[in-house]
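Those sequence lines, one after another, are chains A and B.
Residue 84 is where the first sequence starts when you use this note's numbering, and the numbers rise one by one after that.
Residue 4 is where the second sequence starts when you use this note's numbering, and the numbers rise one by one after that.
Note that these hints are calculated values from the structure, not bench results.
Among the hints, a few may not be true.
Stated by the list, open to error - Computed list of lysine-lysine pairs in DSSO-like fashion (alpha-carbon distance at most 30 Å, straight line):
1) K133(B) to K175(A)
2) K133(B) to K314(A)
3) K162(B) to K315(A)
4) K251(B) to K175(A)
Now for the letters of each chain:
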Amino acid sequence: MAWTRFGKKKDMPGGLWIKCESCGAMLFRKEFEQKHRVCGTCGYHFTLPARDRIALTADPGTFEEMWKDLTARDVLEFNDRVPYAEKLVSTKAKTGESDAMVTGTAQVKGIPCALGVMNFQFLGGSMGMVVGEKIALLCEMATERKLPVVLFACSGGARMHEGAVSLMQMAKTCGALQRLHQAGVASISVMTHPTTGGVTASFASVCDMLIAEPGALIGFAGPRVIATTIKKELPKGFQRSEFLLEKGQIDRIVARSAMRDELARLLAYATGRDAVAAFKPVPVAAELEAVAVPAVEPPAEKPRKKAKVRKAEEA
Amino acid sequence: MTDQPAKTTVQDGLAFERPLSDLQQKIAELRKLNAGSHLELAGEIELLEERLRRQTAEVYAHLSPWERVNVARHAERPLTSDYVQLMLDDFVELHGDRVFGEDRAILTGLATMAGRRFLLVGHRKGKTVKDRLACNFGCAHPEGYRKAMQKMRLAEKWKLPIVTFINTPGAYPGIGAEERGQASAIARNILEMFDLKVPVVCIVIGEGGSGGALGIGVGDRVGMLENSYYSVISPEGCAAILWKSGDKAPEAADALKLTSKDLLRLGLVDKVIEEPLGGAHRDPKGAVERVKAQIGTWLGELAELPVERLLEQRYQKFRRMGTPNGL
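With these hints in hand, go ahead and build the complete structure from the sequences.
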C-alpha cells in the first residue's frame, strides 16, 4: 500500500543518462538497459517492467500470454483526487498494459511452466481484482495441466481503489495456490524490489520456494509506517533481501543476471525434467536479435517488433 | 438502554453521540429526583425516554462511514473477552505458538455455547490500560497468527468447528514482527484456512483491519456486526497516502466503502448482524445475544455438509470475489 512512494520516476525516458537510486552514480542508459537495469557500480537492481522480465526469463518466442484483456471494474466508484476509472484509462494508455500482472505459459531453458509477472509501472504493481483473478486462473490452469508455477512479485501491496475487494484477492490467490499445492504441483515465488503489503502477505510468501533479488525491499508494513509506529530508527539493511535471508524468511538470493539459469535449475528439480543447456542469459537487446537455439522454433515476428519499438523509444 | 449516562469518551468522530448522552444524563437526573421525592415525574421521564429512543434511531440510521468507524472503535463496545464471558458456558484458554512465544493479541481456546463445542479464536484488545498494553491494542505479531493456526489444526484433528472474532486495527508493524515473518505468517494462515476440514465461521465484531483481520478471516460464513468495518487499509492510512493528509480520514472512509452494508452489497460478507438500538456499546448483552444466535444457526447449517463440499464451497466463495471485465 506504500506503492506511491516508489512510483516516482527517477530516470527520464529517452535520456542518455540515469542516476542510480542507491549509490547515485550516473549510468549510461544503453549499458544500464543491457545489464537489465542493474547498476554497474553498486549492483542495485532497479524494478524491471513485466515485458522485459518475461524476455529475460522465458525462452525466446515461448511466452504465450493468457487472459490479456482482463480489466478492472471500478466497483467502489472510488474517487480521491482523480477518479479511479479515469486513472485506469490513463494508466492503460501510458503503459500499454491492461493491469499490473502479465500471465501465460512459457519455457525456461526448455522446461514448460506457468509464468506470472507483476508490472510495477501499473499503479505501483498494486493487487486488485485483475491481479488476483489472473493468479487464480494461472494456478487453476497449472493445477490441471500439472505445470510448475513461477511468480515474479513486484508490488506496493493491495490496491486501495478497490477497497475490501482488493483485500479479498489475498484470499483468492492463496486459495488457488493451496489447490496447486494439494495437487503436488511446484511453485516458485521471486520477490523483486519492492514487494510489500498484501502481496507479501499472500501469494508471494506461500509458494514452495521463495527467492529474492539482491537488495529488494520485502516486508509486510512499509519502513516508513514502522518507523512512525515505533518512533525509532530502523536498523541498517532492514527488510532487504539479505536481512530476510539472515532471519530465515527466504530460501535464496539470486542476481538478475543468473535468474533464468537458477529458475531452470530449480524447475529441473521440481519436475524431473532436464534443462536445455544451450541457453545462456544474454542482454535483452542482443537476445532479441539472436537466432534462437532451442527445441522450439520461435515465431520471428514478435521479438522484432519489440526491438523496433525499443529503437523508436531510444531515438 | 442503561440508566447510567454514557461516559463522555467523545472523540472527534463521536460528536454525534453528544446530544444522546446529554439526554441520557438528563433522564438519569430526573430518575434520581423522582426516587428521592414524591414529585410526579414518571410522565416526564417516559416522554424523554421516548425522545431518546427516536433520536438514537434517527442518528444511527444516518451515520457516515467515518462515524461508524468510530463506533467500531468505541471504548465500551463489547470485545472478544465480553463474548467469552456473556456467550459461553465454558472456556478453556490455550496459549502459545509452540515456536516463539505467547501473543496476547489473539485469544484461543476451547469453548462451549448452548451445548455446542468449538474452538474460539479472536483478536483481543483488552479493557484496562494495562490490559490494552499487554494485548498490544489488538495488533498481533506473527506468533499470534501462528498460535491461531496451531490451535485451528488441533480443532481440525479433534473435529471441532472453528469460530473467529475479528477485531483488530491491523497486524503490528514493528521490527520484531517483520523479522519473524509477519507477512508469511498471515499468508500461511489464509492459505491453510482453505484446507481446514471443519466448519469455520468468522464474525467481524469491531475493526476489520486489513491483512491482520483476514489472517483469521477465511471461513465458510463471514458475518459483520452492523457498526463494524472491514477495510484494506485504515481510513487514516489511506488518507495519508492518497490525500497526503491524515485529516482526510472521513473522506477516505467514505471512498473505501468499508461499512457492513457496503461489504454485503459487494458480496464480500454473507450477513450483517443488526446491533441493538444505538450500537453494541449501549447494550452489550443484546449484541452478544444476536451474535450467539447467528453462530448457532450457521454452525447448525454447516454441520450438515460433507467435508468435500464444505471445502469446495469455501474456495468458490472467495474465488468469486472481485470479477474483472473480460472474462
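Next on the checklist: Checking each numbered hint in turn, tell me which of them this model violates, lowest number first.
Outcome noted: Going through the list in order, the structure violates hints 1, 3 and respects the others.
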